[in-house]
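Trainee: Read top to bottom, the protein sequences are chains A and B. Reminder that position 126 of the first sequence reads as 131 in my numbering, one-by-one numbering, no gaps. Reminder that position 281 of the second sequence reads as 377 in my numbering, one-by-one numbering, no gaps.
Incorrect hints may appear among the rest.
With a straight-line cut-off of 20 Å between C-alpha atoms, the simulated SDA-like cross-links for lysine to any residue are [to be verified]:
#1 K203(B) / A435(A)
#2 K401(A) / P171(B)
#3 K436(A) / L212(B)
#4 K203(B) / T434(A)
#5 K61(A) / K203(B)
#6 K203(B) / Y133(B)
#7 K436(A) / F200(B)
#8 K203(B) / L51(A)
#9 K436(A) / K203(B)
#10 K215(A) / L51(A)
#11 K203(B) / I431(A)
#12 K61(A) / L212(B)
#13 K203(B) / F429(A)
#14 K61(A) / W202(B)
#15 K436(A) / E209(B)
#16 K61(A) / I150(B)
#17 K61(A) / I145(B)
No lab work stands behind these hints, which were simulated from the structure alone. Quick caveat: nothing in here was measured; it's all calculated off a predicted structure.
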Amino acid sequence: MSIVNFDRVFFAFSIGSHIILVVISMVLALLVSIVELLAIRRKDDLYEKISRRLAKTLIIIFAIGTASGTLIAVELFALFPGFMKIVGYVSILPFYAEVFAFFLEAIALVMYVYFWDRFKNRYSHWLLSVMVVVGTAASAIFITMINAWMNTPVGFNINAYLTSGVLTGINPWAVFNGPSTWSEEFHVVTTTYAAGGFLMITFFSYFYLKGKGIARVASKALLKISTAISGFFIVLAGLSGTLTASMLIVDQPLKYAAIELNLHSSTNAAETIGGIFSHGKILDAITIPHLQSLLAFPLTLGKGTVPGLNLFPNQSLWPPLFIHLTFDVMVLGGTLIGLFAFFVILGYLLHKDPYAHRFVILGGMISGVLGLLVYESGWVTDEVGRQPWIIYNVMKVSQAANTSPSIVPLGIAMILFYLIAIPFTIYYTAKTVNFREFNDEPRNEKRGGEVNVPGR
Amino acid sequence: MYQVVESEFFMNSVIFAVFFAIISTEFMAGSALLMHYSSYGKQVKRFIIPIWEITGTFFILYVVNVEALAPGLLPIVAETYIPLILLFMILYSTRNASIIFAEFIWKNSFISEKTLYRIYSGVTLILGAILLVIYVSIVTGKGISISAHSFNLIPFFSYLPDDGIILGSAIIFLGLSYVFYDMNRNKINSIYITAAGLVINAVSFAFLKNFVFYPYLAIPIVLTILIPVLYNIRGTYLIAKNKIFYIGVMSISVAIIERSFFPDLFGGTVDARSYFSGTAMQTAMFELTILMIIFVGSMMIFYFRMYFGGFRNAIRENDHDQEERGIL
Numbered sequence: 006m007s008i009v010n011f012d013r014v015f016f017a018f019s020i021g022s023h024i025i026l027v028v029i030s031m032v033l034a035l036l037v038s039i040v041e042l043l044a045i046r047r048k049d050d051l052y053e054k055i056s057r058r059l060a061k062t063l064i065i066i067f068a069i070g071t072a073s074g075t076l077i078a079v080e081l082f083a084l085f086p087g088f089m090k091i092v093g094y095v096s097i098l099p100f101y102a103e104v105f106a107f108f109l110e111a112i113a114l115v116m117y118v119y120f121w122d123r124f125k126n127r128y129s130h131w132l133l134s135v136m137v138v139v140g141t142a143a144s145a146i147f148i149t150m151i152n153a154w155m156n157t158p159v160g161f162n163i164n165a166y167l168t169s170g171v172l173t174g175i176n177p178w179a180v181f182n183g184p185s186t187w188s189e190e191f192h193v194v195t196t197t198y199a200a201g202g203f204l205m206i207t208f209f210s211y212f213y214l215k216g217k218g219i220a221r222v223a224s225k226a227l228l229k230i231s232t233a234i235s236g237f238f239i240v241l242a243g244l245s246g247t248l249t250a251s252m253l254i255v256d257q258p259l260k261y262a263a264i265e266l267n268l269h270s271s272t273n274a275a276e277t278i279g280g281i282f283s284h285g286k287i288l289d290a291i292t293i294p295h296l297q298s299l300l301a302f303p304l305t306l307g308k309g310t311v312p313g314l315n316l317f318p319n320q321s322l323w324p325p326l327f328i329h330l331t332f333d334v335m336v337l338g339g340t341l342i343g344l345f346a347f348f349v350i351l352g353y354l355l356h357k358d359p360y361a362h363r364f365v366i367l368g369g370m371i372s373g374v375l376g377l378l379v380y381e382s383g384w385v386t387d388e389v390g391r392q393p394w395i396i397y398n399v400m401k402v403s404q405a406a407n408t409s410p411s412i413v414p415l416g417i418a419m420i421l422f423y424l425i426a427i428p429f430t431i432y433y434t435a436k437t438v439n440f441r442e443f444n445d446e447p448r449n450e451k452r453g454g455e456v457n458v459p460g461r
Numbered sequence: 097m098y099q100v101v102e103s104e105f106f107m108n109s110v111i112f113a114v115f116f117a118i119i120s121t122e123f124m125a126g127s128a129l130l131m132h133y134s135s136y137g138k139q140v141k142r143f144i145i146p147i148w149e150i151t152g153t154f155f156i157l158y159v160v161n162v163e164a165l166a167p168g169l170l171p172i173v174a175e176t177y178i179p180l181i182l183l184f185m186i187l188y189s190t191r192n193a194s195i196i197f198a199e200f201i202w203k204n205s206f207i208s209e210k211t212l213y214r215i216y217s218g219v220t221l222i223l224g225a226i227l228l229v230i231y232v233s234i235v236t237g238k239g240i241s242i243s244a245h246s247f248n249l250i251p252f253f254s255y256l257p258d259d260g261i262i263l264g265s266a267i268i269f270l271g272l273s274y275v276f277y278d279m280n281r282n283k284i285n286s287i288y289i290t291a292a293g294l295v296i297n298a299v300s301f302a303f304l305k306n307f308v309f310y311p312y313l314a315i316p317i318v319l320t321i322l323i324p325v326l327y328n329i330r331g332t333y334l335i336a337k338n339k340i341f342y343i344g345v346m347s348i349s350v351a352i353i354e355r356s357f358f359p360d361l362f363g364g365t366v367d368a369r370s371y372f373s374g375t376a377m378q379t380a381m382f383e384l385t386i387l388m389i390i391f392v393g394s395m396m397i398f399y400f401r402m403y404f405g406g407f408r409n410a411i412r413e414n415d416h417d418q419e420e421r422g423i424l
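The shape of chain B in the complex, shown without the other chains (with noise of 0.2 Å):
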């Protein structure tokens, strides 16, 4: 039983790998739309427009695979996050509805197109932000008081790993963004912001007392760094910017994130395994979820290579269109 127990704790962590990799593609957008609206957005949105409605059942396939890993741990989180879940879900909508009117919003309306993105944008930093308290919060424990189920944000923002962590988190994906959605005109900077952000989350992780001694987590911040030293490098500008490399490689680096903090949770004071259900349950669960990696593995590699098909034909028909006018 145990081991089904494990092996579904691997699957949850895949799950919130991916999940957390695929979102990050939408704070890193927020940042984007935010900054370079005017020079970047058309190739940000040619992204995100298409994705952000899949991104959202990412989060729901996370939650619900939650609900039924640790059925237990949910009268405790839902009594202590209350405020911010119920925060979080008004941003989360408010989310969806502005991109989507901002995708379909006709001329000479009372509100632009663009300041439907800047919320969108504004929006997905801060629900950025809430999930990352929360889920530091649930690895150093700090503002949390388990018997009350109560969560107080002074003492957790007082502690400085935390506001390190989501300092340091908000800085690397900053640095990303410029990768990730191709903002060549200063790439260097995605080296060096990218770094800064690493050394001080590398910082704030050794205060953490629960990883210092974690070889292995060199492992993400490798990963991390490779992604802006390679778009820097001419030959292999293309692989590093390419979508499927970065969700691949960041979905690594957070699945070893997360593996090294469990089984404790709330700066140990608990431990997860005791609150898995380890019944007949579990078992169901691991079959569905292979089923459901089988199942949403090939839709989205179908879905990739639409998306990336007439990508290719966009860049094909542009060139022509170039060609034609002698530009090129």
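Bound conformation, chain A alone (with noise of 0.2 Å):
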């Protein structure tokens, strides 16, 4: 393997573990919002002990998501310096936004933890929560815009780049409003924060599978405000999917055609689904008719043009095309647990118990799983989509990447790094979270819990 290579995949591995924390966080943040809301309005001993449980669960994800970020930030200018030195001059705006995000993040969730019973206003408290809700979404939105503009770059003259190698007409600003950007932060948003919430379903079906009296109480509890969280994401992430779809085909029409494996441009495309492209034939597909350009142009009831890989003979830039099925996945396994929380909401809704039965629990368990499958996959589609280029039409990889062979040691030593410590990470949140201890205290728990300091 190359050293670019190397750097690809050790990058990609790196990125690949710290959305899973990243989905964790986010939705944590607004699950842990929720509930405290819920102990202040209903006065309710229950919520107030589970929203201090998961704060202190969240701190501990962000204490490893935040080194993870860190590695993620370091790892972008040692692995790809070339890509970073254009980053400073065009673009680096939304990345210094970030560390704003950051900080409201850390200093609201640290005052939120540690300085709980200092509030005596119950909502001053709770708003700080909101803060950490803000903070988590905004270096979202803010990281993605940079992604976004790697995918369709403006803010330079790119042209005189391109001739030259010298940077002109630069527009700092440009970065935050780009033609994928808006499309691009509608999908990640909701796709993260529905992955998050089928998460949380996954924990705490497992919580309420294994636990009894109050804890098993409590993992219910979360188990519908997590439902109701990812079935309203999914539905959104479906719809801005499709946006993001229309997106491909006007300002990234190769990777759109890679997607979806079109050979060559339609206007009645059909929709293929598996299948593997083999000395320019499709094999093993199966084919629905029509649907492709239905999907593509539903306002117009599929009136136009779809792109094919014929508009771009020079088969040396086109994405692996393996992203095909990753795109498949990223679809199908999105409908199944999009249709796993629809039918969850309508047993609430027709006041039915729902997680009484023991295989909607069973799905439960699933559906997290599948749903961080889902959005890998969907990332994965996103960035090898984008390759060879690192930023689309102007820089490829390898122009970009660090060749210094004293990256491949240390680099495995961070892949085995990750390896250890998410898992670890993931086992130790669920030890401390631990709802079984609810059983063992008394109902109203005083407050002044364990993690406060100082005093505690």
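Got two chains here, each in a separate frame; can you build the complex from them with the hints?
Mentor: Laid out in structure tokens, this is it:
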């Protein structure tokens, strides 16, 4: 493997691991905020206990996520210095703005957890949790702006740069409103909350299954809230996905053609499910006539032209076509978990208790794993779909990469570190949540929990 | 344009100075926890547990600010220091993991809270050493090959002023840790130890020709020794051990030292200004940095108000408790 490919794999592994923590922390922040609001409004001790316990979990995830996020920031300039050089001149403001969001999140979360009992007005304390939610969401929004800029670069004279290598006509603010910025933002934020919501369903289904007494009641309450969160966001995720596909047709037609495995442009395109590209043909695929055109142009009932790979004869610039399969996993998996959420919410609307059925609990346990697979598949589709470019049609990964051989041993060490750290963090966090302890505690827990510093 | 670049460098210095001052509280915590865990561990943890996550955020702020200030320097720094940077990141993650696990570790676990804090302390001290090695080498240029983008530790450590600055800084922070964490059994030691570190640092700086004729380097020396001296005077004891006072004084000292070598990097072979972007980005960054300082400053004021408010309450509760038990 070349050093450039090692850089690719190393970074992909790092960010693929990091986004698991991001997904958990974003939805956990939202969950803590909702639960504390319920505790205040209903004056409910159990919700109070749960919110304290989840806040403790959130700060653990945040601590490991901070390390992992810093690692990503440093890896970006260490592995791809050529890329970061252009970013530094043209589009670094979202990175900088992300630090604002990060400070908001860090300071608010630390005060929220450690100074819990110093707030006489409970709503003031709750507002800190809102700041944490805003901070986590804003971090994701700002970092996605950089990704959108990589897909559709703006803010400098691209033609002049390609001919002379000199950056001119720089507009540092353009990155905040590029052609793909807002459709990508919409999709990333909604899918992140949806995937996180399903992961929470998995955790709490497990706790519900294993729990007894108050622990079981707590798990069930959280299952209900998590289902509402994931159900709401999975609908928005589907909508945003359609908008993103429409954006791709205009701004990244090659990526669109690759993920749909369109060999030729068409005005009446069938949806291709599965299949592999071999010797100029697609093998082993299922096709549904006209569906792709209908999904791509829903407002005109399918009237429009979808791009094909034939428009791009230089095959060396094609992305690897396995992204068609990751795209399929994303769409089919997303549909399945969406149907699961729909079924459970329908149960609640009919005043039934869907989680009373064991098969629904088992479904819940699977939904989070599937949700994460869907999320990672979507991310792979987006990133691999831009290859071989790091900045679309401007800079290739090979032009940006650090080719120092000393990266390899430490890179392997870091990958091993992730392989140990992520599962251990999840184990540790699950152990810390431990609602079973609620059964041993008096129902009316005195405020001033164990995480208070000073005086803890 | 040049003026804006200078202003942006000033901002970058301020960010670095505050970042270094805040992270130095962790270096001091590391030495305190390693040497005096049973006697003073509780009061060290009382400060460090809530703030260590914020310290890490200052690190990210500084890294991004440098990326924006001098994007042209990134390939040189990335390729030259890649092994140290990756090692730093592994240790940084270990630091985060060990302290958060230490905080919430359950009873009868396979690893104790104390062991985890010791791991945190050891790792933090190594992180401090790596940071110093990188910064000192950027100043002196020893062991660096600009053309090959490589860094060799043997010539770096063979140059005595490099060793002196790192050793001197470590001793200074050891001395100051007695003040910052109020380890008052051997108060007078803080003066001797800090003074010893300052002497080593001053001699090392004197050997670096760039620093011989900078009279205002006396300011950080005076400010630094002032901290333990005030700590040993009854009337000023409370001022000296005040966390904000330390961070303020240390920030000023670091900013002056940083200013003294600007714009020469790598032993004077590189002029930092030639790498500054000097484009519209510089102006945008300048504006955002001002906003950032106001925003983060306000948040930190809020944080310290909450921290000291609770701290005072804790002291009051403790006094009340002792009064009831007839101790006071």
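Trainee: Evaluate each hint against the coordinates.
Mentor: Against the structure, the hints:
1. K203(B) / A435(A): holds (15 Å)
2. K401(A) / P171(B): holds (16 Å)
3. K436(A) / L212(B): This hinted pair holds, its Cα atoms lying about 17 Å apart.
4. K203(B) / T434(A): holds (15 Å)
5. K61(A) / K203(B): Measuring from Cα to Cα gives roughly 17 Å; hence the hint holds.
6. K203(B) / Y133(B): holds (19 Å)
7. K436(A) / F200(B): Satisfied, since the Cα-Cα distance of roughly 10 Å is no more than 20 Å.
8. K203(B) / L51(A): violated (24 Å)
9. K436(A) / K203(B): holds (12 Å)
10. K215(A) / L51(A): With Cα atoms ~18 Å apart, K215(A) and L51(A) stay inside 20 Å; holds.
11. K203(B) / I431(A): It holds: about 18 Å lies between the C-alpha atoms, which stays within 20 Å.
12. K61(A) / L212(B): holds (18 Å)
13. K203(B) / F429(A): Answer holds: K203(B) to F429(A) is near 17 Å, not above 20 Å.
14. K61(A) / W202(B): holds (13 Å)
15. K436(A) / E209(B): holds (16 Å)
16. K61(A) / I150(B): Distance of about 17 Å is within 20 Å: holds.
17. K61(A) / I145(B): This hinted pair holds, its Cα atoms lying about 13 Å apart.
Comparing the model with each earlier hint shows a violation of hint 8 alone; every other hint is respected.
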